[in-house]
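Q: Chains B and V, in that order, are what the protein sequence lines are.
In terms of numbering that gives the first Met the number 0, the first sequence opens at residue 0 and continues consecutively.
In terms of numbering that gives the first Met the number 0, the second sequence opens at residue 0 and continues consecutively.
In short, the hints are calculated from the structure, not lab data.
Any given hint might turn out to be false.
Simulated crosslink set (SDA-like; lysine to any residue; CA at most 25 Å straight-line) [unchecked claim]:
#1 Lys178(V) x Val98(B)
#2 Lys12(B) x Tyr149(V)
#3 Lys102(B) x Ala174(V)
#4 Lys104(V) x Asp8(B)
With the Cβ distance kept under 7 Å, some of the chain V side facing chain B (calculated, not the full set) [claimed, not checked]:
#5 Leu103
#6 Tyr149
#7 Lys170
#8 Arg177
#9 Leu190
Glycine included, each C-beta is placed from N, C-alpha and C at the ideal position.
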Amino acid sequence: MDRLTQLQDAIDKLALLFVSSLDHLTKNAPLVPLNQNIPVVNTDSAQELALDISRQAKELETLIDNLPGISQTPEDQTRDLELLGQQNAQATEDYEAAVSEAKILLQEVTLALRDIAEDQSHS
Amino acid sequence: MEEASAQQQGAAFPAPPYYFQRYTQENINLLEKANADPENAEITKSLEALPFPILALEPPPPVKKGAYWMFGRAWPVQDSLATLEEQGIEQLYPKGSIDRVKELKKLNHSAVFNFLELVHTLSTSPGEFATKVDQIRVIFINMHHIINEYRPHQARETLKLMMEDQLNRKKNETAALRKTCADLRKQLATLQALKQERLQPPGLDNDVEMSAPASSQSHISSSTTAISTTTASSSTASGVGTKPPRRLSGSEDKRKSIVDSTPLDPIAIKNAETLARMMDLCDDIE
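Input sequences plus hints: build the corresponding full structure.
A: So, in structure tokens, the structure goes:
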């Protein structure tokens, strides 16, 4: 998959992590002890969520570093494309010439083979 | 007509537009005559009799400027990326040419930092979340916009790669064709030379044939079947249908007493193979 799409997907994933971490915190809020004698198991979800977000941000940074630079201007590119188009047209002409030659040769060969077959049937 | 179109909008297979009835043979002939000879009086008279302009029978010219509608959406004719100001979003990175990598990294950090501030505001005064959320939204839109500016460049690069690929493929195919043609010409040349020789010494071939009937029989059967199948296919391609049965029966009967085809057979086998390859190439061409 190309790098630009990967980068954009990573950005979207970061946004998703923001939303889902807030959601998780509100829905599965850590428990508050009602009575001091009854201990409460506190799952450390906040730490995990923070870790996820920072990990995703780091990945994003790595992807940004691997971005390919824009080396050619659009005019350069259009020039290259025109040149390639001309070369392509030329190559098509050559190809069609070769095809017509091949068809002529095919007819000659067919005639030759027919001669062989006639000889065989006559002998 | 209005009711019909209202019903069709819900139908699974809508009817063709009502002007298909205009395409009668007479109208088409009239269109051709009008295009060829625009000043003729009787043609213009019959044109005016039609309830629609005659040029409506030809396809409409392509849209040159503005926007066009396709599948319910408006597409601009010049496909360009809208700048942020046009979309109404504040542009957080400087205008003009920028170092994309640095700006993206800055935006990345500020996104995470803003999220932290959001969490703080939610814990202190949850009612005021709107500004922070909006700021985070603007940051993300800016990041996506920077990346979208790469896209036209990427599209042109992809086009260039595809064209180079096509060019190489064409060149390779041309070279392969020419090589096979050259090979075949050589085969034909040897065959012609052999044909000249054959006309001189027919006596020799008898001894050759009697001494090695076993080995040559396999050659002969393979070569005759190869020749008959290939020539059958080529001759049916060229329209001669009656030859194949006669050739097959003739070759089977004469298998034991073939005189002058024995020296031809190894050449003929090779010839048949090259012919098969040539025919494959020609099929690809077609």
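Q: None of the hints should be skipped; say for each whether it holds.
A: Hint check results:
1. Lys178(V) x Val98(B): Roughly 12 Å separates the two Cα atoms, so the pair holds.
2. Lys12(B) x Tyr149(V): holds, 20 Å
3. Lys102(B) x Ala174(V): Holds, at about 15 Å.
4. Lys104(V) x Asp8(B): holds, 16 Å
5. Leu103: Constraint on Leu103(V) satisfied, holds at 5 Å.
6. Tyr149: holds, 6 Å
7. Lys170: At 6 Å from the nearest chain B Cβ, Lys170(V) passes the 7 Å test, so the hint holds.
8. Arg177: Constraint on Arg177(V) satisfied, holds at 6 Å.
9. Leu190: Holds - the Cβ of Leu190(V) comes within 7 Å of chain B, reaching about 6 Å at its closest.
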